[in-house]
Amino acid sequence: MTSEGYEFTLKSTIKELLTYKSGIFGALFLILLLAISVYAIVALPYDETVRLWRGEGGVWLENPRNAQPYWLKYLGQNLPETIKRDSTQPELGGTVKIVTPIPQTDMKLARISFTFDFSYDGFPSEINIFFSAKYNGSAPLLNIYWVKPSGTEIRLLTYIPRSQEDKLYLSVNQQAANALSLYLNDVLGKSPSVPLPIEYSLFAVEDSSMNSSATAKPLKGTYRLYIDGTLFGKDSDIDVKLIVYGRVYGMAGTDNQRRDLTIALLWGTPIALAFGLTASVTITFLELLLATISGYYGGKIDSVIQRITEIYMILPFLPILIMVSTFYKLDLLVLILVVIALSIFGGGIKSTRALVMQIKEYPYIEAAKAYGASSKRIVFLYIIPKILPPVIPTLIASVPSYVFLEAALAILGLGIPNLPSWGKVINESFNAGALYKGYYYWVLEPAFMLILTALAFSFLGFALDKIVNPKLREV
Amino acid sequence: MNEELLRVSGLKKYFEMRKGIFSSPIYVRAVDNVSFSLGKGEAISLVGESGSGKTTLGKTLLRLYKPTEGQIMVKGKDITYVNTKELMWYRRVTSIIEQDPYGALPSFFTIYRILEEPLLIHKFGNSNERQKRICEVLEKVRLTPIEDFAQKYPHMLSGGQLQRVAIARALTLNPELVIADEPVSMLDASVRIEILTLLKELQETLGISFIYITHDLTTTKYFSERLFIMYAGKIVESGKMFEVIHNPQHPYTEALLKAIPDPDAENRKILRDIPPGEPPNLVNPPMGCRFHPRCPYKMDVCEKEEPLSFELEPEHISLCWLHNNRK
Amino acid sequence: MKTLAENILECKNLVLHYSTRKGVVKAVNDVTFSLQKSESLALVGESGCGKSSLAKAIIRLLPRNIEKYSGQIFVNGQDTMTLSEKEFREEIRWKKISMVFQGAMNSLNPVLKVGYQVAEPLLIHEKMKKHKALEKAKEALSIVGIHESFVERYPFELSGGMKQRVVIAMALVTNPSILILDEPTSALDVITQANIMNLLKRLKKEMGLSYFFITHDIALSSELADKIAVMYAGEIQEIASADIFYKKAAHPYSQKLMASVPTLRIDKKPEFIVGSPPSLINPPSGCKFHPRCTLAFDKCTKESPPLSDLGSEHLVKCWLFEEHKEAERI
Numbered sequence: 001m002t003s004e005g006y007e008f009t010l011k012s013t014i015k016e017l018l019t020y021k022s023g024i025f026g027a028l029f030l031i032l033l034l035a036i037s038v039y040a041i042v043a044l045p046y047d048e049t050v051r052l053w054r055g056e057g058g059v060w061l062e063n064p065r066n067a068q069p070y071w072l073k074y075l076g077q078n079l080p081e082t083i084k085r086d087s088t089q090p091e092l093g094g095t096v097k098i099v100t101p102i103p104q105t106d107m108k109l110a111r112i113s114f115t116f117d118f119s120y121d122g123f124p125s126e127i128n129i130f131f132s133a134k135y136n137g138s139a140p141l142l143n144i145y146w147v148k149p150s151g152t153e154i155r156l157l158t159y160i161p162r163s164q165e166d167k168l169y170l171s172v173n174q175q176a177a178n179a180l181s182l183y184l185n186d187v188l189g190k191s192p193s194v195p196l197p198i199e200y201s202l203f204a205v206e207d208s209s210m211n212s213s214a215t216a217k218p219l220k221g222t223y224r225l226y227i228d229g230t231l232f233g234k235d236s237d238i239d240v241k242l243i244v245y246g247r248v249y250g251m252a253g254t255d256n257q258r259r260d261l262t263i264a265l266l267w268g269t270p271i272a273l274a275f276g277l278t279a280s281v282t283i284t285f286l287e288l289l290l291a292t293i294s295g296y297y298g299g300k301i302d303s304v305i306q307r308i309t310e311i312y313m314i315l316p317f318l319p320i321l322i323m324v325s326t327f328y329k330l331d332l333l334v335l336i337l338v339v340i341a342l343s344i345f346g347g348g349i350k351s352t353r354a355l356v357m358q359i360k361e362y363p364y365i366e367a368a369k370a371y372g373a374s375s376k377r378i379v380f381l382y383i384i385p386k387i388l389p390p391v392i393p394t395l396i397a398s399v400p401s402y403v404f405l406e407a408a409l410a411i412l413g414l415g416i417p418n419l420p421s422w423g424k425v426i427n428e429s430f431n432a433g434a435l436y437k438g439y440y441y442w443v444l445e446p447a448f449m450l451i452l453t454a455l456a457f458s459f460l461g462f463a464l465d466k467i468v469n470p471k472l473r474e475v
Numbered sequence: 001m002n003e004e005l006l007r008v009s010g011l012k013k014y015f016e017m018r019k020g021i022f023s024s025p026i027y028v029r030a031v032d033n034v035s036f037s038l039g040k041g042e043a044i045s046l047v048g049e050s051g052s053g054k055t056t057l058g059k060t061l062l063r064l065y066k067p068t069e070g071q072i073m074v075k076g077k078d079i080t081y082v083n084t085k086e087l088m089w090y091r092r093v094t095s096i097i098e099q100d101p102y103g104a105l106p107s108f109f110t111i112y113r114i115l116e117e118p119l120l121i122h123k124f125g126n127s128n129e130r131q132k133r134i135c136e137v138l139e140k141v142r143l144t145p146i147e148d149f150a151q152k153y154p155h156m157l158s159g160g161q162l163q164r165v166a167i168a169r170a171l172t173l174n175p176e177l178v179i180a181d182e183p184v185s186m187l188d189a190s191v192r193i194e195i196l197t198l199l200k201e202l203q204e205t206l207g208i209s210f211i212y213i214t215h216d217l218t219t220t221k222y223f224s225e226r227l228f229i230m231y232a233g234k235i236v237e238s239g240k241m242f243e244v245i246h247n248p249q250h251p252y253t254e255a256l257l258k259a260i261p262d263p264d265a266e267n268r269k270i271l272r273d274i275p276p277g278e279p280p281n282l283v284n285p286p287m288g289c290r291f292h293p294r295c296p297y298k299m300d301v302c303e304k305e306e307p308l309s310f311e312l313e314p315e316h317i318s319l320c321w322l323h324n325n326r327k
Numbered sequence: 001m002k003t004l005a006e007n008i009l010e011c012k013n014l015v016l017h018y019s020t021r022k023g024v025v026k027a028v029n030d031v032t033f034s035l036q037k038s039e040s041l042a043l044v045g046e047s048g049c050g051k052s053s054l055a056k057a058i059i060r061l062l063p064r065n066i067e068k069y070s071g072q073i074f075v076n077g078q079d080t081m082t083l084s085e086k087e088f089r090e091e092i093r094w095k096k097i098s099m100v101f102q103g104a105m106n107s108l109n110p111v112l113k114v115g116y117q118v119a120e121p122l123l124i125h126e127k128m129k130k131h132k133a134l135e136k137a138k139e140a141l142s143i144v145g146i147h148e149s150f151v152e153r154y155p156f157e158l159s160g161g162m163k164q165r166v167v168i169a170m171a172l173v174t175n176p177s178i179l180i181l182d183e184p185t186s187a188l189d190v191i192t193q194a195n196i197m198n199l200l201k202r203l204k205k206e207m208g209l210s211y212f213f214i215t216h217d218i219a220l221s222s223e224l225a226d227k228i229a230v231m232y233a234g235e236i237q238e239i240a241s242a243d244i245f246y247k248k249a250a251h252p253y254s255q256k257l258m259a260s261v262p263t264l265r266i267d268k269k270p271e272f273i274v275g276s277p278p279s280l281i282n283p284p285s286g287c288k289f290h291p292r293c294t295l296a297f298d299k300c301t302k303e304s305p306p307l308s309d310l311g312s313e314h315l316v317k318c319w320l321f322e323e324h325k326e327a328e329r330i
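If you read the protein sequences in the order shown, they are chains A, B and C.
For reference, each letter of the first sequence is one residue, going 1 to 475 in this note's numbering.
For reference, each letter of the second sequence is one residue, going 1 to 327 in this note's numbering.
For reference, each letter of the third sequence is one residue, going 1 to 330 in this note's numbering.
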């Protein structure tokens, strides 16, 4: 007896889905991903995201490079966060700015002092000082001093800004380096065996541990940077911003272009889902249609479609895709279209066709012919609704393949240029040698998102498969 | 006798089977030279075992297969080789009731929708008129309360109920000929009689011509006036029900009748006197009379020549050389 | 009351329940019956009443989702329920009791030769040498009417009736004394069916076999039955000898069953039974047949009737026969 004991209404399917652990997990993960997607699209509009990711206008300048996610501190050392002092933003605290004109001259004396506490277990990654000077003729002359909690005061360098907006990369400044190496000599009694990075010299405990960066430990306490400067011109003024870059930033850390990775992770979600679902759904439906026509009508149409399918199945998908991507610039939409075009005659046609050929023999099809149903009606109203349920689990379970496809293309450098997708992030991390340099989070975070997506759809697909395929159903 | 509805002459349906690309095709001679006629409002039973060709005959009559040779005339029109497009009127006038109640109804439609399909295809009235018609047929097959059943899906119904829906569907367009292919063999024994009784009632009250195809000879008694026995693609005997059952003329019919038990405690003590062997393969049926390898009355001529159709009493026909002398 | 020793098979209070997602299926619910040597018991009932489950319970071919399996099964006086799986497999299954399954012709292994398949039980059970087993297989095949040259053939070369005979040969090759037949002829045409029945009748006489013959076809049951047991909703409702049952069945259900059988030779209009067989997960209270019984009264809805003994081994499970003494139960 061919007893079709089951009907697939949405409600009953969902109910049964939740009785399987894989269904529950899959559904939970999927809901999580959808929530992330919605949040990403709402909180960070598309144009904004593209602009940010391109890094226009130096938006990222205040972020540390290659910073770890901040929550890693719970697993390990208390690494420093970025400390910012800005004379134009006294609300940040620790800033004193005094400008005194020198009587009977056009000159002024400026004293800007930044103080901050440093109680971390690690050294900052970088120190930059930004100058915003107003002057007509001559640029101000600035002396920059550093005071450590131990009381040691070091005159780092004398600096003349080269333009009204200027940046001083203290970490690579030669003058400062020289001043500091003299300082180190005093403390150690000799030169350190390996030159100590400037951040280390500035922050290290003053004892023999300063000999190498491996042994140096940060000195905790209040630090002070002050600038004694001479301004020229009645209207001259100077504003300074000090940024002591930490080693941690945000939920996901930063990449080598100082970009906040959470943006990429968040925005990667809707991209992945859109790509995966669109590709999967479209390809599955087109394959379904082709398979049904092929299986139902038989004869020449069947032969033609099957031969085309076989040729498609032999052609190497990824290499062709790479070829196309190399010659033509792809954006998301075009990429989806190309992927669909290269996949619709895929292997799924063969299995669905087998199913169609089975269903074609069912009595209700014959009965329909007996009461005058046309072939077209039978195909669309009688056969397709029947083969849809078995096809859905495959549809869902194949979404991860397309997500990985986009990621793979991105990793190969052929991704969509402007959008921050997960694959893109992995690509950039590889190019920057993330694994060699120990920036594991940079690779693992997007990888984790990919895996989460794959798990979500695979679990759902497996659970649905058990529901739809009675033989797999658990008693 | 009523006016004639259906006349079949020399009907053949052979299926072509190819063993390989290069070998010549072989034929499964499922229906081999069948002729009979059916009157308006008349019910007949067609009995045969699996592989006898009875199902193929039924489906060929409905033009679900294209005949290989011969002629089918319906209401005076020759529909044998007509294009499917020109058969829409025939589709309205005929219906089929399939053997498998679970597979005969699309599982994703409600009962209402299933019954609506033939009406939609033949553009029957507007939505109200369709609804009225659907309620009418559900009433006729006694699937009440209608509101209840109309909204259900096939998987919620029992085999017997499903077959009622199939019957209802067959009646929606007021057919003149219904062919039921083993309508009760997949149902529980206790439901069979119920459904057959319903079919018989409907056939009589609606005056529909009916062909009841089955392998269960016993049930045909309650269904029709005429009985047709089919063996290896041929109709070997036909005639009035009572005549054929109590006075069988063809050795196969005789064997069939001997083989069927009635519930009787004495049965276990006797061995039935029946021929050995099984129905032949329709690809290479035996030469001459197809029953001859198993026939207890076999004569020389039976091995060589296919027997002619002999009319013994009026309308009692037998396809056997035994009757040659009588003529 | 026959002594235990003359009963080749005796089941007492046999219970078999399955657990499924929808609930517990009470397929066999406290079944008691006996079978004598060279006797044939036909078990009749509608589909879904638990007949096949009863057969499987006797030969202990159980699925994984068993909820309850208890009772006693005496084979030649020995309670097989006390045997371990290993002991049962070696001593009982296919040694004392064999089974021919429903649709057996489709369960022949298509890639093994017929001869090997018939010989296989011997290779497994008696660890016979191959050539000796093959000889025995040829014997078994000839007993069922298949020429010994067929040992070299594959199942697809055989017709339906021949495959059924092969399966019977497979069941008989180890010389069991009890043969369980579950709808052995369901897919066969009428004349082949009658031929198989003839074969089974002959084998019973020549080999002294005892049959436990399961079928839903009451007319067919009369071909082999010395005794008939009627099963409904997992319980045996009536057991009677053939002479009594086909003429004067006592249980209302049996009577309805008899009335619903279409007859070829007798002019009788068959009547159908209203309603449908109950669910084995949620069977009716009291007497399981009461919702469909025209003679039901109050007590029937509340309490399940005991098996009453009407004399000459006619047992009925019905409140109508309350005054008769209760059949012996343990």
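I should point out that these hints are in silico values taken from the structure, not numbers from a laboratory.
Only a predicted model underlies this, so the values are computations on that prediction, with no experimental measurement involved.
It is possible that part of the hints are untrue.
Label pairs and their in silico Cβ distance ranges [unchecked claim]: (1) Lys75/B / Asn109/C: 52 to 58 Å; (2) Glu361/A / Gln131/B: 30 to 36 Å; (3) Ser70/C / Pro145/B: 42 to 48 Å.
Facing chain C, from chain B, some residues (calculated, C-beta under 8 Å) [said to hold, decoys possible]: (4) Ala189; (5) Arg272; (6) Ile274; (7) Glu305; (8) Leu308.
C-beta atoms are modelled at their ideal positions from N, C-alpha and C, and glycine is treated no differently.
Hint check results:
no. : hint                            : verdict
1   : Lys75/B / Asn109/C: 52 to 58 Å  : holds, 53 Å
2   : Glu361/A / Gln131/B: 30 to 36 Å : holds, 32 Å
3   : Ser70/C / Pro145/B: 42 to 48 Å  : holds, 43 Å
4   : Ala189                          : holds, 5 Å
5   : Arg272                          : holds, 5 Å
6   : Ile274                          : holds, 5 Å
7   : Glu305                          : violated, 24 Å
8   : Leu308                          : violated, 24 Å
Checked against the numbered hints given earlier, the structure breaks hints 7, 8 and satisfies all the rest.
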